[in-house]
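S.K.: Residue numbers (the working numbering), protein chains in the order written: chain Z, 1 to 197; chain A, 1 to 465.
Mixed in with the good hints, there may be bad ones.
[Stated by the list, open to error] Below 25 Å or equal to it, Euclidean Cα-Cα: the simulated PhoX-like pairs (lysine-lysine) are:
1) K47/A to K186/Z
2) K9/A to K163/A
3) K47/A to K196/Z
4) K9/A to K42/Z
5) K9/A to K188/Z
6) K186/Z to K245/A
7) K9/A to K196/Z
8) K196/Z to K245/A
9) K188/Z to K47/A
10) K188/Z to K163/A
11) K186/Z to K9/A
[What the hints assert, rightly or not] Label-pair distances were calculated between CB atoms; the ranges are:
12) G157/Z to I311/A: 32 to 38 Å
13) T97/A to A191/Z: 25 to 31 Å
14) T141/Z to H276/A: 37 to 43 Å
15) I387/A to G39/Z: 39 to 45 Å
16) T97/A to G157/Z: 56 to 62 Å
I should point out that these hints are in silico values taken from the structure, not numbers from a laboratory. Cβ atoms here follow ideal geometry from the backbone N, Cα and C, with glycine treated the same way.
Letter by letter, the chains look like this.
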Amino acid sequence: MALNKISTLRTTAVPLPIENVDTDQIIPARFLKATTREGFGKNLFRDWRYDNNDQPIQDFVLNNPTYSGEILVAGKNFGCGSSREHAAWAIEDYGFKVVISSFFADIFKSNALNNGVLPITVSEAVLQTIFTAIENNPKATFFVDLPNQTLLIEATGEAVPFEINPYKKECLINGYDDIDYLLSIKSKIEAFEAAKV
Amino acid sequence: MTAKTLFDKIWDTHVVNQIEGGPSVLYIDRHLIHEVTSPQAFSGLEKRQLSVFRPERTVATADHNVPTINQHLPIDDELSRFQVNKLTENCERHGITLYGLNHPYQGIVHVIGPQLGLTQPGMTIVCGDSHTSTHGAFGSIAFGIGTSEVEMVLATQCILQLKPKKMRITVNGQLQENVTPKDVILYIISQISASGATGYFVEYAGEVFRNMTMEGRMTVCNMSIEMGARGGLIAPDETTFDYLKGKEFAPHGKDWDKALSYWQTLYSDEDAQFDHEITFYASDIEPMITYGTNPGMGIKITGSIPRLADIEEKERLSFSKSMQYMGFENGERIIGKPVDYVFIGSCTNGRIEDLRAVAAYVKGKKKADNITAWIVPGSKQVEKQAIEEGIVEVLEAAGFKMRQPGCSACLAMNDDKIPKGKYAVSTSNRNFEGRQGPGARTMLASPLTAAAVAVAGKIVDPRTV
């Protein structure tokens, strides 16, 4: 089944300079009662975004009209905690295509990649440069070039290379998903089982 | 032959195919599922018009989103009832064994796997839950996965995984009295931080783990994810084999002998190389408690919350946000802090030894008036055993409320929530903001510490009361 494709993207970014953002913050457990993948975006960061009376909390960044864009920039160890893929679904459904951090939790990273969301890991220094660029100008744009594995901070002209596994890169650019691949090697899986017993 | 780690030995025998420069196709021996992270995987299968490839390798239970009272009645909450029923439908349609509500084997997925002997050394085990690392206590590669990966396993019994790096954490020496496995893992996480093992699979080694019971080892491996590790594992030994022998789904007869001779080869070779090694000393470990909003924010129960000045500058914003949420001042002592709730349960500490430890402490005592104390057994089997051993009687006499098995207030998906602003000492695994209910303030500790707090009505050192 085809996933969202990502190749290049020029967009502004939303800053969230908090460390250890866990998946319970990204999507609280009480929203995990749903049995479909759709519609999680409206509850993304629910308890940081809305108060007890469901009123927007004005100083939370998603409620601040100054900031917008398809990139979320967050402090280190983003997506730690629960394996809930609902966190990646919420980020994708809200409209983010890229998340930048100095460090991602492993399961979140896999979940993001499996949903066509690109996690970009940058150094702590680069992360600070990005936060500063957005602070100086909330309309600062960034150019993500996945084929060339480069993030261009247009405000400073700095082109930052980033790592991605070549297989996962192909999947994102072409919208391939892992199940299609696994189904294509089913005879190998059966042969493995036969040899194991 | 080159020396191999325990992790490599298991990993290498499960690689079906290696994508050049990419992930490995890893065969999964045991797949555990529950109601919350599986429905979208089954819908995905249906969209692709696929059936479950090896239904006999998947076992299901309902645990995350079930009530812990009146489990014999239909579930009150409409969404929860729908989700639990969906699991039943999906399991029936695809021929998957389900230990649903009211089944004598129902319980938290990471409690029942080991109890039933479904968890065995040398296996690859996955589940759509990050605490799947628990099963590593048996010397298996066990880790949590997302729902897309649940769908992969249902469809092909395989997933694609990049091989993680390997870390060994050794704890030498003998633990002091009243220092428990929970204190050991909270100590380790406090030392290396909530992201200190990200990218790694951890092997726990040394005298402290060798001397631990299986349930203690499960508590340790359970929280591997809280320092970012994909999983944690401990080489199987006589303790492991004794635990497994006779368990329902463990091998029997000749199969047992064959399995045992394989299991005995599962250890890291003497010269095996790890990407990172850390050593701790048991004598440095004391009863621990967390004060902040990630499991790495732990201190000795007799200690003080760090001062803002001692926190690295770029981490101060997160630290201050955490202190504000918890209602604590930086630099203050934790002993004597008032507490409102005590929660004993979860896949970390909801097993029979945990309940025994609590009962042994509270026997003949009463919980403090200001404390609401919940005990949620990890499974129906734990519950049954607790009744038979007289534990339930002791706990109820002390004023604790016994609930029925499930994940309960560990993640508060059901009605078991800690109210906004209230303090809970919890034997679970996460103290994230809102984890135990919106606005709830969680402090993680061992069952023994939780029991002492319940009786004292405030934070106390379990060694001095």
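S.K.: All hints, please: hold or fail.
M.R.: Verification of the hints:
1. K47/A to K186/Z: 19 Å, holds
2. K9/A to K163/A: 13 Å, holds
3. K47/A to K196/Z: Not OK: K47/A and K196/Z at ~31 Å, beyond 25 Å, violated.
4. K9/A to K42/Z: 45 Å, violated
5. K9/A to K188/Z: 21 Å, holds
6. K186/Z to K245/A: Outside the cut-off at roughly 35 Å; violated.
7. K9/A to K196/Z: 15 Å, holds
8. K196/Z to K245/A: 23 Å, holds
9. K188/Z to K47/A: 24 Å, holds
10. K188/Z to K163/A: 20 Å, holds
11. K186/Z to K9/A: Holds, at about 24 Å.
12. G157/Z to I311/A: 32 to 38 Å: 34 Å, holds
13. T97/A to A191/Z: 25 to 31 Å: Check passed, 26 Å falls within 25 to 31 Å.
14. T141/Z to H276/A: 37 to 43 Å: 39 Å, holds
15. I387/A to G39/Z: 39 to 45 Å: 43 Å, holds
16. T97/A to G157/Z: 56 to 62 Å: With Cβ atoms ~60 Å apart, the hint holds.
Of the hints listed earlier, those the structure fails to meet are numbers 3, 4 and 6, in rising order.
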